[in-house]
Amino acid sequence: MVACKSVRIALDVMSGDESPSTRMYSVIRLLKDKPDLFLYLIGDEGFIKSFLGMVSGVDWHRLTVVHTVKTVAMSDSPLKVLRSKKESSMWKMLELVASGEVHACVSAGNTGALMAMGRHILQMVAGIDRPAIATCVPCRAGSAVLLDIGANVDSTAINLHQFAVMGSQLSSSVYQIFKPRVALLNVGTEDIKGNEQVRLASQIIQKDNRINYIGYIEGHAIFSGFADVIVCDGFVGNVALKTAEGVASLVKEELFAAFGLSWWSRLLGLAASPMLKEFCRRVDPVRYNGASFLGLQGVVVKSHGSADEQGFFQAVCQAIYEVKAGVSDCLTIDEEGVYTNPH
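Going by my numbering, the first residue of the sequence shown is number 1, and it counts up by one from there.
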């Protein structure tokens, strides 16, 4: 862990599907719950100060407001934002990370735009060809890191090896897992299964003795706890994640509907209420909000665009964990494609 008495994080207040007020409510809670946190609020200065002016007891000395006049829309293309959104809240947020003024940044905005800006402003870690988006998913015991979940639709074997490196480092540094078990997501567990790039990636990862590689894992085992890090390309990862979220939502709806069918089922539901609440808490996507953009020279966390106050709060907490774990400082790739940890 990195000795860090205080953490400075830039927040893109304006970007996202929800109103900026939603993220401002998260700011109020962060100031209350995280006394070592200093926030840089990027966006419309008039709106930000007006909102905070209605709240009593705001700790102003831990706040810096940076005014911007533009916002990246969810419909903006990566090419458009690189050309015409250099005065946006998202762009300024990343510049603060690049300059070292803040340790990390969080946005609920356009994923493609954030990735394009991040690569342009922060640059890639030496030896990493492409960034990957990593998130935490619930397992029977604890959680696992799943990556890539959307940065790369197509990935080569070399890319998948690098994702395994970055996912392993995230798991060991942030989640304190000793020698995390790394698996490749595949259509079967046999050596002959999968496309050419997945099979080649398996061979490459096996030769990297710094990765605790356990082989292939199938989709039904993502949440089994069999692996601590699950690697795939962005197309597969995104579909897997959103399918899981949909199934979790369906199960919750069906459970509550079943317990409301009759007076007897309602009585059973009342008795099972504590267990139902714990189940809902475990599978609630809000609890795992905050996806990490790995491979960039800086900590960048993406919140879900429709995240509520609790969801955005959780995304900022993820950024805090990564800063204190020194994620951006402990990963390099040598000329042979093997990662080294300076710590």
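Honestly, I wouldn't trust all of these hints.
As the list claims (entries may be wrong) - Within a straight-line C-alpha distance of at most 30 Å, the following computed BS3-like cross-link-like pairs (lysine-lysine) qualify:
{"no.": "1", "residue 1": "K32", "residue 2": "K49"}
{"no.": "2", "residue 1": "K70", "residue 2": "K5"}
{"no.": "3", "residue 1": "K324", "residue 2": "K34"}
{"no.": "4", "residue 1": "K242", "residue 2": "K193"}
{"no.": "5", "residue 1": "K70", "residue 2": "K86"}
{"no.": "6", "residue 1": "K193", "residue 2": "K179"}
{"no.": "7", "residue 1": "K34", "residue 2": "K5"}
{"no.": "8", "residue 1": "K277", "residue 2": "K80"}
{"no.": "9", "residue 1": "K70", "residue 2": "K80"}
{"no.": "10", "residue 1": "K193", "residue 2": "K207"}
{"no.": "11", "residue 1": "K49", "residue 2": "K86"}
{"no.": "12", "residue 1": "K32", "residue 2": "K5"}
{"no.": "13", "residue 1": "K32", "residue 2": "K193"}
{"no.": "14", "residue 1": "K179", "residue 2": "K80"}
{"no.": "15", "residue 1": "K324", "residue 2": "K49"}
{"no.": "16", "residue 1": "K242", "residue 2": "K277"}
{"no.": "17", "residue 1": "K277", "residue 2": "K34"}
{"no.": "18", "residue 1": "K32", "residue 2": "K179"}
{"no.": "19", "residue 1": "K49", "residue 2": "K70"}
No lab work stands behind these hints, which were simulated from the structure alone.
Status of each hint after checking the structure:
1. Taking the CA atoms of K32 and K49, the gap is about 18 Å. The hint holds against a cut of 30 Å.
2. Among the hinted pairs, K70 with K5 is inconsistent with the structure: their alpha-carbon atoms are about 33 Å apart, more than 30 Å.
3. As the CA atoms of K324 and K34 are separated by approximately 13 Å, the hinted pair is consistent with the 30 Å bound.
4. This hinted pair checks out: K242 and K193 have alpha carbons roughly 24 Å apart, not beyond 30 Å.
5. Of the supplied pair hints, the one linking K70 and K86 holds, its CA atoms being roughly 8 Å apart against a limit of 30 Å.
6. Restraint check for K193 and K179: the C-alpha separation of about 26 Å stays at or below 30 Å, so the hint holds.
7. Distance restraint check for K34 and K5: the Cα-Cα separation of roughly 12 Å lies within the 30 Å cut-off, and the hinted pair is therefore satisfied.
8. Taking the CA atoms of K277 and K80, the gap is about 44 Å. The hint is violated against a cut of 30 Å.
9. Pair hint K70 plus K80 holds up; C-alpha atoms about 13 Å apart against a cutoff of 30 Å.
10. Restraint check for K193 and K207: the C-alpha separation of about 19 Å stays at or below 30 Å, so the hint holds.
11. Simply put, K49 and K86 have alpha-carbon atoms about 23 Å apart, close enough for the 30 Å limit, and the pair holds.
12. As the CA atoms of K32 and K5 are separated by approximately 17 Å, the hinted pair is consistent with the 30 Å bound.
13. Proposed proximity of K32 and K193 is contradicted: the alpha carbons are some 51 Å apart, above 30 Å.
14. For the hint pairing K179 with K80, the CA-to-CA distance comes to about 42 Å; that exceeds 30 Å, so the pair is violated.
15. Taking the CA atoms of K324 and K49, the gap is about 29 Å. The hint holds against a cut of 30 Å.
16. Pair hint K242 plus K277 holds up; C-alpha atoms about 22 Å apart against a cutoff of 30 Å.
17. With a C-alpha separation of about 26 Å, the suggested pair K277 and K34 falls inside the 30 Å cut-off, and the hint holds.
18. Restraint check for K32 and K179: the C-alpha separation of about 35 Å exceeds 30 Å, so the hint is violated.
19. For the hint linking K49 to K70, the alpha-carbon distance of about 17 Å falls within 30 Å, and the restraint holds.
In terms of the numbered hints stated before, the structure departs from hints 2, 8, 13, 14, 18, listed from lowest to highest.
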